[in-house]
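Trainee: Once you have looked at the hints, place chain B on chain A.
Number of protein chains: 2
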Amino acid sequence: MKTADSVRELAEHARLAYASLKRSSGAQRDGFLAILATLLRERESAIVAANEIDLHNGRRAGLNLAMLDRLTLNAARIEAIARDVEHIATLPDPLGCHFDARALPNGLLAHKRRVPLGVLGVIYESRPNVSIDVAALAIKTGNTAVLRGGKEAIESNRILMNIASAALLASDLPVGALQLIDSTDREATLALLQLDDLVDLIIPRGGAGLHAFCRRESRIPVITGGIGICHLYVDIAADLARAIPVIRNAKVQRPTVCNALDSVLVHRDIAAQWVPELVATLAADRVEFRCDERSLPLAKAVVGASVTAAGADDFDTEWLSLVLGIAIVDDAQAAMRHIEKHSSGHSDGILTENAPLAEEFLVRIDSAAVYWNASTRFTDGAELGLGAEVAVSTQRLHARGPMGLVELTSYKWVVEGNYHVRT
Amino acid sequence: MKTADSVRELAEHARLAYASLKRSSGAQRDGFLAILATLLRERESAIVAANEIDLHNGRRAGLNLAMLDRLTLNAARIEAIARDVEHIATLPDPLGCHFDARALPNGLLAHKRRVPLGVLGVIYESRPNVSIDVAALAIKTGNTAVLRGGKEAIESNRILMNIASAALLASDLPVGALQLIDSTDREATLALLQLDDLVDLIIPRGGAGLHAFCRRESRIPVITGGIGICHLYVDIAADLARAIPVIRNAKVQRPTVCNALDSVLVHRDIAAQWVPELVATLAADRVEFRCDERSLPLAKAVVGASVTAAGADDFDTEWLSLVLGIAIVDDAQAAMRHIEKHSSGHSDGILTENAPLAEEFLVRIDSAAVYWNASTRFTDGAELGLGAEVAVSTQRLHARGPMGLVELTSYKWVVEGNYHVRT
Chain A
912 MKTADSVREL AEHARLAYAS LKRSSGAQRD GFLAILATLL RERESAIVAA NEIDLHNGRR
972 AGLNLAMLDR LTLNAARIEA IARDVEHIAT LPDPLGCHFD ARALPNGLLA HKRRVPLGVL
1032 GVIYESRPNV SIDVAALAIK TGNTAVLRGG KEAIESNRIL MNIASAALLA SDLPVGALQL
1092 IDSTDREATL ALLQLDDLVD LIIPRGGAGL HAFCRRESRI PVITGGIGIC HLYVDIAADL
1152 ARAIPVIRNA KVQRPTVCNA LDSVLVHRDI AAQWVPELVA TLAADRVEFR CDERSLPLAK
1212 AVVGASVTAA GADDFDTEWL SLVLGIAIVD DAQAAMRHIE KHSSGHSDGI LTENAPLAEE
1272 FLVRIDSAAV YWNASTRFTD GAELGLGAEV AVSTQRLHAR GPMGLVELTS YKWVVEGNYH
1332 VRT
Chain B
912 MKTADSVREL AEHARLAYAS LKRSSGAQRD GFLAILATLL RERESAIVAA NEIDLHNGRR
972 AGLNLAMLDR LTLNAARIEA IARDVEHIAT LPDPLGCHFD ARALPNGLLA HKRRVPLGVL
1032 GVIYESRPNV SIDVAALAIK TGNTAVLRGG KEAIESNRIL MNIASAALLA SDLPVGALQL
1092 IDSTDREATL ALLQLDDLVD LIIPRGGAGL HAFCRRESRI PVITGGIGIC HLYVDIAADL
1152 ARAIPVIRNA KVQRPTVCNA LDSVLVHRDI AAQWVPELVA TLAADRVEFR CDERSLPLAK
1212 AVVGASVTAA GADDFDTEWL SLVLGIAIVD DAQAAMRHIE KHSSGHSDGI LTENAPLAEE
1272 FLVRIDSAAV YWNASTRFTD GAELGLGAEV AVSTQRLHAR GPMGLVELTS YKWVVEGNYH
1332 VRT
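Note that the protein sequences, when read in sequence, are chains A and B.
Read in order, the letters of the first sequence correspond to residues 912 to 1334 in the numbering used here.
Read in order, the letters of the second sequence correspond to residues 912 to 1334 in the numbering used here.
Bear in mind the hints are in silico, worked out from the structure with no lab data behind them.
Predicted model, so just to flag it, every value in this text is computed and none were measured.
Check before you lean on any hint, since a few could be wrong.
Since the list can't tell identical chains apart, any single copy or any two copies may satisfy a pair.
[Stated by the list, open to error] Here are the simulated lysine-lysine pairs, BS3-like style, with alpha carbons at most 27 Å apart: (1) 1252 <-> 933; (2) 913 <-> 1023; (3) 933 <-> 1023; (4) 1023 <-> 1252; (5) 1062 <-> 913.
Next up, chain A with everything else stripped away, as it sits in the complex:
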């Protein structure tokens, strides 16, 4: 069978399974999660053995150590995956919830009820744990899913999805609800992206390139995200001593993720004192600096710091590494103009004790998450209390910022009458 035909067949199975899955109870879906966690632990050695094949092939293919690390499943990681699955089972069931109830003047009663989105198409890269993460989040929310993992992880993904299928069977849910595309060529991904009659939503889990590819190639709605050019503005009224640990946390704690800080903007009247302190502190963490004209001499004066003049595109770059842009601004208005010009709309914040100014900033800056006196690293489903994270959206439709379980649902209108007719 041709690749496109076999991908369509998988999606047809997922669509059929959706009709049955959407009638399951929350208890049944949580039962699936419990069984899945148990099976993952029981089959730990088989998972590790399959993963060894991927690692072996990866080493032969010349994957670097970071990539091999992302690919690795061991006993501790499998236990962590099983615990994450059990955690999802403890979260409230978003389905069936009634909201926006209204009694209309004519006596009709209307409300909305939360329902699944339908069939998800999830495209991800090397980490095989995403297979189980997606399986757990999808079934918890009554959605079925077609998964397309990375080619480096194919053996690991196969066994993990076999285990997920066994858990569906054991919990009396439709086995077709989770489908792994067992082909890792680009043609298979393209085929999935064409199925707008069967798939309701595409969720890319990976870098900016994958997101752009999905948007370009698909008519199916795509949850876009993954690019964060993030700013913090240090105002003249900031608590300057406390500002440095916030900047450090936002830049250094995990520099490779989208909510890490890219540019710090500094009020001109505090720059002479504060920029050297910041640079000295972060230089010890091996941060490299890209400075605008005004901050350059201040940063260069710090012995041992790696300081370069910012290039033309540097303030439009998501660093994903230990690089930090520094710019000095005349005032908060100039800082907001800089952010409006350069932000990717992910996470931006202000550090100040001036509450009216902070409120002005929070209203004006139009990013998915805006911060007052906090690190940008909190743009994350677990950190913001969602319990789980499906993706971080930087689009404006449907959901924005961290997406949890509720954001994997839609709703229907339920209207109850007494043989009402429209006049």
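Mentor: Only chain B this time, still in chain A's reference frame:
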């Protein structure tokens, strides 16, 4: 300048205007609506004169009477448009609203705030009143818009949008916020659909063909809707006498719209008595019937009724006219299976006094609006208490069913801390 370049330039103006409009107050935006209503009344004779040119050209181009009627603006219609604008001004401002507030264990305070979607691209057909409707809804919700109207209405649209621009100027809002594409060729529409770097959402206002065209040609999210293959199931436990006026209302009151009834399903044990009553009643309204094998002899027995055996695709057809499909089913389960197979997911309902069965139906049937003992004609923003209607969505992402003002907005996360860092 080439068409594509000039459309891009309009969208760039709308994008720039958005940055300024989003900082306006609700009072200012309601002030715009008041001025717009006043100007529409003041310039009534000029609007009518421009509309005469469109009508003249339309008659020469051979438009039929229904099309000419849709195109017509007269004093009464202009007054109605002005009143609609004033009504939108009375609705609550959706922007700025705080919701989903949470205090996190680490002391961070987070909430969501409602913000505009951004730049809307609205593509519509012959009715020129849509220009003002879109202008009012967009500005009320802080969105800017690029409008592409039908070629039949170009003179009417020009003067209406001139008036809208004057109202923006008079209310100190950015004049660039509303842009009419002053070209009515297909190239202009295609150019608008390509601007995914400038336009946040495409709203087609027209038939299924226009919706499909927008989805096919654009990477920008499109609000899809416009197709309603709607069902009502008449159960054995229905109040049969009261069921007939509901079916009649759903079919006859306005047969050309998407929430009009297409198929009625009848429990077999009531069919012999009830189908002839239904057919006799609706035949008086000049309804024509497409009957399945079992209902055909019952309907044919009604003197004077126009009855045909249903063809292969008839139960998958949105009639948009005085045609009604009739099928007899063995029970409610068979009715639900029929609806799952043939519904377009717009509006479907059950007529019954059996409350547990009704609840089963409301849970199982996965349409944007599901009804118990009411006409499908209520799937409408005004009828369901939204105050205004932007569109009726049959997609699952973002909004489903009637969309009001809130559905033209997005939200941002606002996070307030005390120099919080992530650990």
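Trainee: If a hint holds in the structure, say so; if it does not, say that too.
Mentor: Results for each hint:
1. 1252 <-> 933: Only across copies: residue 1252 and residue 933 sit 15 Å apart there, 44 Å inside one copy, limit 27 Å.
2. 913 <-> 1023: Cα proximity of residue 913 and residue 1023: none, with 42 Å in one copy and 47 Å across.
3. 933 <-> 1023: For residue 933 and residue 1023, only the intra-copy Cα distance (16 Å) is at most 27 Å; the inter-copy one is 29 Å.
4. 1023 <-> 1252: between (39 Å within a copy, 23 Å between copies)
5. 1062 <-> 913: within (19 Å within a copy, 45 Å between copies)
The structure shown violates just one earlier hint, number 2.
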